[in-house]
Every structure is written in structure tokens, then in C-alpha cells.
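One letter stands for each residue in the lines below.
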Amino acid sequence: MSADPARRREPGGRVTTFLGLFTEVIDRRTLAVLAAAALFAGVGATGGWEGAQARGVVHDSVTAGERVTADPLTVTVKKAFAADAIPTLAPARAGSRFILVTLTVQNTSPRPVDALTAAASFRLETPGLLRAGHPVSSEAAPPQVIRTLDATALGALQPGVEQNLALLWEQADSGAAPAEVTVAVLGHTWRTSSLDGSSRWFDPVTTATVTLPLAPLPAS
Amino acid sequence: MSNREPRLTTAIVVGLLAIGSAVLSHIPAPDDLARRPFVTVGTLGSSLRLRTGQLQVERVQASTTVRQGGITAPTSAHWLVVTLTFTADREPAALAGMTIRAADGRAYSLTRPFRSSCGVGQPGITIRCALPFELPSDAVAGAILVVPAELLGGGEGDDVAEIDLGITAVTAADLTAVTDVLTVEAVTVVGAQVRS
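In order, the protein sequence lines correspond to chains A and B.
Read in our numbering, the first sequence has 38 at position 38, and its numbers run on one by one without any break.
Read in our numbering, the second sequence has 144 at position 144, and its numbers run on one by one without any break.
Among the hints, a few may not be true.
[As the list claims (entries may be wrong)] Partial pick of chain B residues on the chain A-facing surface, computed with a CB cut under 8 Å:
hint: 1; residue: P6
hint: 2; residue: A77
hint: 3; residue: T111
hint: 4; residue: D138
hint: 5; residue: A141
In short, the hints are calculated from the structure, not lab data.
Backbone N, C-alpha and C fix where the C-beta goes; we use that ideal spot for every residue, glycine too.
Go ahead and model the full structure; you've got the sequences and the hints to work with.
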């Protein structure tokens, strides 16, 4: 143990002084081995390395009609259309156009996926998107999700039930419609919230992108 | 003290801590035990008592299209329509958060375009509800209706009824073959029950 008061004030000196308290019970080499073991166990238990690996994953670029797995969904993006108005779904609005993307979706998880999570699974990577008439970024513009079977808003995706859906975005009509659009498909992780203890789908991560030609919506 | 004794002691202490940690990880935590629901098991036609009232599943039907009030909804799968009666006990009580649990553990909820609950039952008044669940054909056989006494908490730490709908592979095949439009009433009042 150091008796020098000046050395004890230094950070390194304090550590040496602290470790010196245990020298009669446990030697420094064993202490170092235990500390290293505790560090490795702690990092492993908290999934630290797993997270670092996940962040390095690059998403795929797939073609229309190709099936994508983005937990909790499997998604097949089909076609994209543009229109100034869509009967029963989107009445004409001055300064806006609507972009409609058709797709097939299946929930592969063992529990229902609510409409908000379903909408958060898609992003249109195109500038000029509107939400409630105001310009927003792509991240802040979730689509309306509509069942094509009866043109009603999606309530939930039930496990194992394949649904044909239409995603609807509103875009500022400040110029000609783009020739093509890119749809990002995002996967989620089922986990418990650290805030309220509830379990939900969190942490959206882009799993794949699909670039589609944007065609005018057929009249009927 | 020899040089080996401290290392041996350290190894024993670390080993015991590891064993203790492993044992603890396999024992349910007090919070988990407290949150477990109190499950009452029943079958089609049997009367069950939850802390909020009395419940009985009357029948199970299915179709690919269901009409309820002004809403007609088709599905690419099947609507499994469960009809039940409920009589609230001492205070108004709502049946909500009901799910179907398939034999493989998958859960199915009530959702748009139909009602997601049975509404509020008044004490002593029996109401009848028809509940359409959207299921794929492989989830119909062995389906169980799960009814929590209250929505909040999803049944955690509360009464939950689990009712076997009695659907065998044979009856499932019959149910999933139906394509005619099935018309049902969401909620109807059956009448007052006289308490003995």
C-alpha cells in the first residue's frame, strides 16, 4: 500500500491503493483474470457483439415480384401507380398526387400485427411526400394500408393469412411524376419495452428496397 | 497460507456463484408468478364464471364472407364466427381483448372491419355476441377461445376463460368449405336473468 499522499491523489495511484487492499486475499493476476472474465461475460450477456454484427448488415435490393422476409412479415411488392385521385380512397386535392403500391403480405409471427406496425414496415424513398397536407420526410410519412379485397382500411394482419394490400402515399404535385419509385421494406424486432414493460414490434430496420416503374393508374 | 489456497478459494466461490445464477435463471421471478392469469377451462356449451360475469359459448360457424350490420367483409382465409352469451354480475362489464388460440399456439384477434369487443353488459342482463375471427384453414381445428375478464393487462394476473370450441379435423373441413355469406348480429340483448 502506498503511504505517499501525493501519489494517492493521482487516478492511477488510487487504483493501486484500492487493489492493494486485496493483495493478501487474492493476487493481482487472478484479479485481472476474473475482471477479464466478468467483462467478456457481461458483453456476451447483453448481446453487445450481436448488435455490432447486426448494424453491419446491408439491405438487399430486390426486383418487383420477389418475396422479401422482413420480420414479422413476408412481402412481395408488385406494382406502383400514380393518380391525381383514386375512387373511394383518395379524392382529388389541389397540389397533390397519390402514389399507390400493390403488394402481397403474410404475417409469419405467432400473433396479430396491428395496422400501425404494418404501415411502419414500408417507406417510400421519394421526395415531396405529404402528411395531412404538410411536407414531411420519407421516414415521417407512413402509408395508408388498404385491403384490396374490399377497399377498407387494414385492421390487423393475422398469422398465416395472406393479404393483398395497397399502400397509399400523397405527394406534392410540384412537377412531373417520377418515372420510378423505390419502396423500402422494414423489419422489426419483438421485444419488451424498457419504458412500460409491454411487448411490441420495435426497432425498424430496412431489410430490402424495391424500385418500381411508376405507371398511371388505370381508369377502372 | 500456501500460494494455491487463494486460487482454489476463488475458483470455488466463482463456481458457486455461477451455479446459483444458473439455478435462479430457471426459477420464475415473483413478478412473473404474480402476473400469471387464473385460468378457467371450459368447452362449447358449458357455462363458465369469470369474476365479472357468466359466459357460455353457444355455437361456432364459418364462412369466407360475413355480413354484420351494414358491413360485408370477404377474406382470403376464413371467418370463424363464435357466438356466446354473457351476463355481467354486479356491475357493468365489457368483454374485450378476446382471442382465438390455434393448436400450434398462434393467436388471432378481433379486428376491423368488425367490432373488436362485445360491448358493455349490464348486471343481470344477458347479451349475445357474434365474434368473427379471421383464420387460415390450418388454424381452425383445435381452436380455443381465450376470454380475459378485463382488457387491461391482457389477462395478466386476472381471470381468463379458455374455451375449447370442439373443432376436430372433420368439422374443420366442413367449416372451411362454407363460402355462402354468413349474416350475424354483433350484439343482441337476450333478457334479464333472475338471481336466486
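Quick rundown of the hints versus the structure:
At a threshold of 8 Å, the smallest CB-CB gap from B:P6 to chain A is about 5 Å, leaving the interface hint in force. Interface restraint check for B:A77: the shortest CB-CB distance to chain A comes to about 4 Å, inside 8 Å, so the restraint holds. Interface hint status for B:T111: upheld, as the beta-carbon distance to the closest one in chain A is roughly 3 Å, under 8 Å. Interface restraint check for B:D138: the shortest CB-CB distance to chain A comes to about 7 Å, inside 8 Å, so the restraint holds.
Proximity of B:A141 to chain A is violated relative to the hint, the smallest CB-CB distance being about 13 Å (cut-off 8 Å).
Going through the hint list in order, the structure does not satisfy hint 5, though it satisfies all others.
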